[in-house]
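Chemist: Those protein sequence lines, which keep their order, are chains A and E. Numbered continuously in my numbering, the first sequence closes out at residue 548. Numbered continuously in my numbering, the second sequence closes out at residue 1400.
Among these hints, one or two may not hold up.
Computed footprint of chain E on chain A; a stretch qualifies when at least three of its residues, placed anywhere within it, have a C-beta under 8 Å from a C-beta of chain E [to be verified]: (1) 98–105; (2) 115–125; (3) 150–158; (4) 339–351.
Derived list of chain E stretches under chain A, where covered just means 3 residues or more per stretch with a C-beta under 8 Å from a C-beta of chain A [to be verified]: (5) 1163–1169; (6) 1178–1184; (7) 1211–1224; (8) 1294–1305.
Computed beta-carbon distance windows for the label pairs [said to hold, decoys possible]: (9) E:1171 x A:541: 57 to 65 Å; (10) A:541 x E:1180: 48 to 56 Å; (11) E:1197 x A:418: 17 to 25 Å.
For the record, the hints were derived by calculation from the structure and aren't laboratory data. These numbers were taken from a predicted model, which means no experiment stands behind them. Beta carbons are placed, not taken as given, at the ideal position from N, Cα and C, and that holds for glycine.
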Amino acid sequence: MIRLEDVSIWYHEQALPTLEHVDLTIGEGELVLLVGRTGAGKSTLLGTLNGLVPHFTGGHLQGRVTVAGVSTASRPPREFAHLVGMVGQDPLAGFVTDTVEEELAYGMEQLGVRPDVMRRRVEETLDLLGMSELRRRALRTLSGGQQQRVAIGSVLTMHPPVLVLDEPTSALDPTAAEEVLATLARLVQDLGTTVVVAEHRMERVIPFADLVISVDDGGRVRAGDPATMLRDTPIAPPIVELGRAVGWDPLPLSVRDARRVAGPLRERLATRVPGPVTGDPMSPPTTPASPVAALTAEGVVVRYGPKVAVRGVDLVLRPGHVLAMMGRNGSGKSSLLWALQGSGPRQGGRVTVQGQDPKALSSKAARALVGLVPQTASDLLYLETVAAECESGDAESGAAPGSCRDLLDSLAPDIDSGQHPRDLSEGQRLALVLAVQLTAAPAVLLLDEPTRGLDYTAKRVFGRVLRRLADEGRAVVVATHDVEFVAGVADEALVMAEGEIVSQGSTRDVLGGSPAFAPQVAKILGEQWLTVTQVTAVLEADRQEVVS
Amino acid sequence: MSRRARSRTSFLPRDLHPAAWWVWALGMATAASRTTNPWLLGVVIAVVCYVVVARRSDSPWARSFRLYLYLGLIIVGMRCLFRVVFGGGEGSTILLHLPQIPLPAWAAGIRLLGDVSAESVLGGFYDGLRLATMVICLGAANALANPKRLLRSMPSALYEVGTAVIVALSVFPQLAESVQRVHRARRLRGHVATGRRALRSVIIPVLEDALDRSLQLASSMDSRGYGRAGTASPRSRATTGTFMVLGLVGVCVGIYGTLDGTTPRILAGPMLLVGVLLALCGFVLAGRRVERSRYRPDRWHLPEILTATTGVAVAAMVGGVTGDTTALDPSLTDLSLPLLAWGPLLAVLVGILPAWLTPPPASPFVGLEDEPEPSGGAPESSGIPESSGTASGDPIGARR
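Here chain E stands alone, though its shape is the one from the complex (with noise of 0.2 Å):
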């Protein structure tokens, strides 16, 4: 295939590389946590909801994005909440003139109830609305990209953990319908009593249930082959490790630093970076010694390089935005509508490009539509049946 072709063939519809969503809404969270200002983070929502609305697939995981918008409602009200019940005195503009609870001389420095001051509230919501923007950005990657199919592109070496997190992840819809399965059962034979000995006629069943199903998951892989070959010499094994140990350490330490505006800057790009590179020496190092092949693997084209590169230029644009913070911050103590500038917007709007620069997801129902036939019906559709006849009937109707 050449080059063009294959740019051509990567916008049909197909799922696109998980992490290229998962970059993409990290950026957008990053961008999103850099800011205090209502507009710029309701610009933020309408972007994600958007591109999710645009480009997610009708699987199950895609439809949980609703509950992530609720979460984000939650937050928002919580934080406003806690404002008035701790404490919102702070500021000039009194709301509300509430009877302050007086506290024991321990609980020094924690107020409850009092009075109420705009300033405060607002406050609350500012926060409320900022983490919740971040929530519902992870929300937007959770619907987007397959979260199984994340694992399956993990870097060879922790293929193992891999799969113990995928086989881990069926058992919880499998369990859930045991204990349904196992209460239903227990109703059929009378039983009306409650505590430690209904427990106990519920839990055993469903324990033995998932035990057996485990024992024969693990007989089922065992013949397949799983954990075959794989030999490491106990020195190369700590090698790795010290490596991923290290590079995790890095990445944790620069990502906080990248959130946190407050810290050096050394400890955030550049820690990031070590971090990540060190990581990646552990996974090449551990990743050699796998002899595993993998099926049909995600790979990088050009949706997943442009989705990736706007979540990241938006978080650089939008973080990267120096000197008249308050478009950004509004101010807190003299109360007036956030002003919104052109330079935050426009790069929040860049991330919606990908509702159009990336293929359309594909249906887990292939083939279940009729394709146009180029030629007549088919002969053998008609006339006597294949079958010899003796018990492959059905007398009931065609199957689908």
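With the rest of the complex left out, here is chain A (with noise of 0.2 Å):
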């Protein structure tokens, strides 16, 4: 179906090529996965296969690309969208009209479908996905989830035989990237469809992929089935990550694979108590929580004119614990965090930091108490150059200067400072959104949803940045859909539900019973493990005994 041979691809002024010699060929009706580290060249890699690359985005591809046999150097990408059809990261950026019966048909007016044959088309695939009654909503009021699916429907329409996707759960809650994966499971199988997907959550499509795609630094690809690829690729879900450091063989991909050979490990864990959740097993436990509560807030009210985002939450901070806010989208996390930090609206109930109000004082008397790194980090840069970003964040801080380059680089060494914010990775920005607050030293540090967009490797590092904050003495909170992250660095954790919580305590408590929050590690050993380091803690230690 799809084939590309010797394919390399240079952008204008990289040294070295983004993709190296790449020879695949992809079969029809196949599900194949592709993963890699961020900024390795997924999306380039996913974009030469309608021609976006290089027609659209520049850039120079040498080789051959065909789909279904047609070569994607002869044609333009838009007449290859009855061939293929793309799906990228933010549903709504791509939407074209404005209700969803609408978005869906577009396509097929573009291609001059029968007016009859469209009508069919936008029942079936209404009734395919399981949105008719959405067939009359505005794009603009979904939910991420319908909004993501709408968006898979509206290129399903047009009946391409391939269909690709670039990280189509990256900015959904647990349950709405279950939903959009859940359809994508439904079309492999229902409708033969080839489907190349891009995505991080790669534990759901796993049991369902026929092929996996490594994208390897410096633009090297390998391909082959799950079972062997997973077996080395640097980015791996917990599960296999415990596959590994058990010895599993064959690697288990799916939860249910894994439960069933899990039954001796189980027993032998089952006298053993599990090792904090957080941090290096190494370190000593954490520390108890202390007395003094570093933020304290009571009938936390916020409301948007008839609608309530948060009601009236109680909420207590110590210092040198990190507390993670989960939640479907919209459950009032971000909203709650805004009113914590002050800026944002608060229309009742009391915040008490170090005895003041961060909302009675000025923004700038208010970071220095409560610093937010909000959902979109990249909103508080604005100057060209790295090292700008650091002067300025010193001045507004008041701190000596060069105090926010050292913030920076104990966070994320060796950025270069002549370097544009928007060209930095993902990570790297996050380090750098950070450092400007932290300049400001406050004592308590809210982050909405830093995990966007990170890969494994990339959240492994952010999560010891964040271990290190809190036992600096800082109060942490954290809002994020990612259990896994979750798991691996909060004392605490709380899910909030219209605006209350609806469970608050210790991490191991809140995850490991609940079916939609537990880790992969608790579904497979039960709930008291939530981490795959809390494991091999305590294998590491069992086999120091026996060689002692």
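Can you join these two chains into the complex? Each is in its own frame, and there are hints to help.
Modeler: Next comes the structure, spelled out in structure tokens:
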């Protein structure tokens, strides 16, 4: 169906090719999973499949890409609309019309499909994706998962034999991501569409995948069947890491498979007490929370007109603790964070930090008490170079010149001062924003979905940074959808729904027993085991005992 | 479907063709433009309001109608104020003696303050009311017809332009959103500075965001086939262009002629007709080379035709009143209560018919209410959940 023959791609002004000598053959009806670090060239590879690379993005393509026998060099991307359906990361940015039905029909209108056929296909697609009740709704009013399904539907109506998705779930909460991935699985099973998907939450796709393509650093590409490929890819879901650590063979790829082979391990661990959830297993267990609260909130209410975003929330943040805030999109997490910081609206309740209410203070004084990194962290950056941002950060906080840069170096070393913030990787940009906010030396640090767009490796690095910040005596709050990240970092967790806290407690209590929030290791080994590190620590201790 | 059945289904709840509402509203506006009689104008406003309330949907653009009413009030107020400030001396009934402010010689012909006569204020009021009524009529069209649907039902020759306008319209709320977001984020960095630096810290992230979005949109449209096909020789393009431009000129002149009662009649109706015909030729020529189809296009059914006809009829009947025009334009020289003639009143009242002759609008939330099931309850709703139970449960509660 798809053939890439000796494909190399260079972008302008870059010394090294983004992709080098790629040879791939993808058969009809296969589900192909693309893995690799952020920025490794996954999107570029996907873009070549309908000619967006290089026709739209620029750059130089050497070699030959053919889809259903048609070479992408011969025609512009629009002539591939009936062959390849492209779905991007941010569905809202790609919508052309404003209601669901019109969006589904848009592509067919361009192809000149007959009106009666169009009508039928729209109905079929609505049913296939289970959204017939949304047909007349405005696209902007839909939830993230629904929007992404509409985006998938809008290319499916053209009946393309190939569907290409670039990280379709990166902006979605776990439940919405499930919806989208379940839809994909259904397409592969029922319609026999060839699906090529780049996806960080690979654990949900791997069981269906026929082929895994790994884009490695330096533009090298390897392909193979999932079990063999995942044995040594640098990026792997916890389930695979557990399998590797324990030495299971063949490597189980789904929770179901893993549970079936995990019997002996479960027995072995039954009598053992898991180590601390967070941080290094070698470091001493987390110090007990200090009795002094870093931030106290009582009965916080946030409302936008008739809509209540936060409904009387009480919260105490302790120094040295990382608190994870979870809950589906729109459950009030962001509103609560903004209200705690003092910049956002707050209609009721009290917030006290060091005896002061940040809302009553000037924005400059408030950020010295509570620092917030918003969802789109890049909103905070507006200068041309990293150095300029750091200088401006020092000036804003009244800190000694160079303190922001020092902080940045401790968070993410080796960032070139002359670089434009936009050219940094996702993780580096986050570090820069974090450094700018930390320059004001706040005792409380709030982060709104910082893990968006970070791959497994970057997340691990970032987790360590958060841990260190907390160990230095700050209270840290992270709002996130990423269960595995929470399992590895947080001391406490809380779940919000409809503006209220519905569960709160230690990470183990909140995550372990919940069907939606349990990390993979807990699903395999039982609710007291949350991370692979905990398991390996115990196994390592056993081995030491045997040796001695 | 038989003709009879179709005429029956066309009255079921649905959105009327937007052009029908526009024709109706323009008809009402034309009628309003021919009179300064406050009673008659009041009736026009009442009729328009009634129809809007009866037939608007609960979409955001429908809620904007109130703004047009406020705008109308402002127009009337301004018109009267202007008469007071800039010379309202014509007439014998002086209401107010204000000191006149002397102006230098180069400003001859302009008067500031001075005596204010009832006649001139009344003239301002009539004039303002007429303009306000026309504005309210246009507001009604805006509230009743989804502006985007109107763009969608443009002839296929204008398809590309229509898409561009639709995209531009949806960019606005997004832009406002990102300005708000960045502005909030600025406070997180403790920005207290104002002036150029502050402006820069808002504009740069917003522009970056907008640029990113538009690139994403462009790539999405490109990979979904926007601008496929459509090959035209330069010659055929020139022909269509000529037809279009001439047609537009004709239409403009024609509309001016129709609205301004003092221009020669030959420039009104006939010119309008010629212009429309020329433009139609252009559209047909341009549309012929477009290989594109349209999903569920709005069609003209009986209610659409009735609505448009009432609009045209109102305009024709009010415009067609000849002879004694005092009923339409009450005298300003001798102050008396204006009279209301039966003819124009009945003509305007015809405009209320669409409130009953059109289908009610459809709700955007279809299928959310429970439909009565013909058979018993769904058997699969009880028992074990269908999913394999790894991570699909929702501990918090039902989503809806």
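Chemist: The region 98–105 of chain A covered by chain E? Criterion: 3 or more residues, Cβ-Cβ distance below 8 Å.
Modeler: Per the Cβ count (5), the hint holds.
Chemist: Apply the coverage criterion to the region 115–125 of chain A and chain E: a residue qualifies when its Cβ sits closer than 8 Å to a Cβ of the chain, and three qualifying residues are needed.
Modeler: Per the Cβ count (4), the hint holds.
Chemist: How does the region 1178–1184 of chain E fare against chain A when you require at least three residues with a CB closer than 8 Å, holds or violated?
Modeler: Answer holds; 3 residues pass the 8 Å Cβ test.
Chemist: Apply the coverage criterion to the region 1163–1169 of chain E and chain A: a residue qualifies when its Cβ sits closer than 8 Å to a Cβ of the chain, and three qualifying residues are needed.
Modeler: Satisfied; 3 residues make the cut.
Chemist: Verify this for me: three or more residues of the region 1294–1305 of chain E with a beta carbon less than 8 Å from a beta carbon of chain A.
Modeler: holds (count 4)
Chemist: Do the Cβ positions of residue 1197 of chain E and residue 418 of chain A conform to the proposed distance bound of 17 to 25 Å?
Modeler: For residue 418 of chain A against residue 1197 of chain E, whose Cβ atoms are near 21 Å apart, the range 17 to 25 Å holds.
Chemist: Can you take a look at whether the region 1211–1224 of chain E is actually covered by chain A? Rule is 3+ residues, C-beta closer than 8 Å.
Modeler: Per the Cβ count (11), the hint holds.
Chemist: State, for the Cβ atoms of residue 541 of chain A and residue 1180 of chain E, whether the hinted interval 48 to 56 Å holds or is violated.
Modeler: 53 Å, holds
Chemist: Taking a Cβ-Cβ distance under 8 Å as contact, does the region 150–158 of chain A have three or more residues in contact with chain E?
Modeler: holds (count 3)
Chemist: Taking a Cβ-to-Cβ distance below 8 Å as contact, does the region 339–351 of chain A have at least three residues touching chain E?
Modeler: holds (count 3)
Chemist: Taking the beta carbons of residue 1171 of chain E and residue 541 of chain A, is their distance inside 57 to 65 Å?
Modeler: This hint holds: roughly 59 Å between Cβ atoms.
Violated hints: none; the structure is consistent with every hint.
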